[in-house]
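Participant: Let the sequences and hints guide you as you build the complete structure.
Okay, here's what each chain looks like letter by letter:
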Amino acid sequence: MSGANASPSGRSHQEMSGANASPSGRSHQAISSQPDQIVFTNVSKYYGEVLGVNKINLKIGPGITSLVGPNGSGKTTLMNLMTGLIKSTRGDIEVLGARTDDPESFYSRIGYCPQFDTFPKGFTGFGLLSSLLKLHGYSRREAEETAWRAIEQVHMTDAAHRRVAGYSKGMRQRIKLALAIAHQPRVLVLDEPLNGLDPMARAESIGLFQKLAESGLFVIVSSHVLHEIDIISDAVVMMSNGYIVAEGDIQDVREEMAEHPMEILVRCDQPALLARRAFSENHVVEVRIEEDGTGVLVRTRNLDQLYMLINRVVLEEGLTIEGVIPVDEDVHSVYSYLIGSDGAIKL
Amino acid sequence: MGVHRQAYHPYKGPRTSERWRFWILARYAFERVFQSRILVIFYVICFIPTVIALSAVYLSHNVDLLISLFPQAKPPDAELVPVNEAFFLLLMSIQASLSVFVTALVGPGLVSPDLSNNALPLYFSRPFSRAEYVLGKLSVLFILLSMITGAPMLLIYLLKSALAGSQWFIENIHLAFAIVAGSLLWVTLISLMSLASSAWVRWRPAAAGMLFALFFIPAGFGTAANEIMRMTWGSLLNGIVLIGTVWNSLFFINDPVGYARAADNLSDMPDSIDFLPAWSAWLMVAALCALSLFLLNRKIRAHEVVR
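For the record, the sequence lines run as chains A and B.
Its first residue numbered 1, the first sequence is counted upward by one per residue in the numbering used here.
Its first residue numbered 1, the second sequence is counted upward by one per residue in the numbering used here.
Hints in this document: simulated from the structure, not taken from any laboratory.
All clues given are correct.
With a cut-off of at most 25 Å between alpha-carbon atoms, the simulated DSS-like pairs for lysine-lysine come out as follows: (1) A:121 - B:299; (2) A:211 - B:12; (3) A:211 - A:169; (4) A:59 - A:87; (5) A:59 - A:211; (6) B:299 - A:87; (7) A:121 - A:169.
For clarity, every value in this text was computed on a predicted model and none was experimentally measured.
Facilitator: Below is the structure:
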């Protein structure tokens, strides 16, 4: 796998060899009981002989964190572990200082939106929400009031008293989201929450995620739609074959990937001049003038030196810069570099 | 990294007791169960033997009323309906048979729809354990079946006590114990078996059929084994003999053949009836309950295990 050696080491990511995985006891002592983080300590999960995830060491902070990876990479397993639906074969998981052995406290912190439809038969949207809130210990009145607020949040008031079985795909997706947020959790785990939503509903959902994240929630999203992940994520966890390949702020991750030169598009009035000066630099590996003649694409191994060069050219040659745009500093590019065509999904 | 305002406020209101959360599931299940008209009609029919028995016990203590109702009838020489071990064993057998049909109607609809609709992750991503889930579903069957087995027989016992006096109540307290224990055991066994078959056979009619199959197919094998190998241990596979043996032991009937002959004047009762030692029947019932729990434990999971 291409990402095996390319993993950026600047962030607390999982090395493919697992060499940094410390024995569970010691490392657990070091990072346990952190009330403001989701902490995985040397977590492995095997389904019989099938690997789910292996030696995961991960800390997730507030904001939107996206899990990306091809099918079977371990995203859903990681989410199931996080939500206590499955138990790890090895290692410890803490969600804001709580563990699954205290379910009341643990599940009050977590809201889970599963990937597939998971609706008991015969319920209306409102009925399902209020009954599941009762499982959280809400009284009947509180459950009904809270259920209604959640339904309003996902714009489902008109269909609230209809049976879930009659909902469209988009409506079911929204009611799942309502089920995840209704009990006011601090951590939202959303498995492919944008699947089946029309563009309008996607935009609304993304807006809701951002609003929730801004209010201090931990929003963990898995998605195949990388350009949407790019827009909303504060951090990304990339997975492949049960391992974490990279994690952290996507720009930081990209900068750490030294073997893949950064691509920068500089829009300016004299692209040929900039191209000539760039060629004289050792860190520049490729320069290409755009066909429309309004810019130059530079591939460099040292971004800081490139920016210094651009500054020098501006000062010395009077170059006019319209824009400096990182071309491959996005989730899609990082995903391609780290996971590439080995992944089962088409990007 | 975005700037987070930490404006979030979790729910801090009072919560209901964790101990009774399983009842939430049971309550919704009851609502659904009684939406079936067939079940409601059959459930009402299940009370007919009890009503007849109650009437008979009442009339046997009110001969004047009986004669006023049936002027042609002669006053009975002895007690019209002797309320004893045989009476309760007969009633228990009738009610238990009816309860199998109720279980077949209700049981398959309890677990299999949740599994078919993949609803378990929704329950288990809340402070609600697998044990509570099973308890919630089990309590539906448990209450429904207890209402047509143990509860009416206990009512008959109390009516008889009220009519015959406190002396009868005290002298026959072992009957009350046998009724409660026997019906609890039966209801637990059949409920667990039904839930287990509902968890493994997701098609409702098949799950209902499975329950009957569990009673009759192994019984056939058991009888064949008894005949071929000239033994009685094959009856361990016969659910009816099994539970009958347990009930006999609860009613302190140590010689069921002799007791049956004496009680019913059945001199032609064959000696070859496959009666089992009580301990073996108890062990087998416990094993069946444990097996049902094991099967439930294998299936009641948020996600199926990948092999």
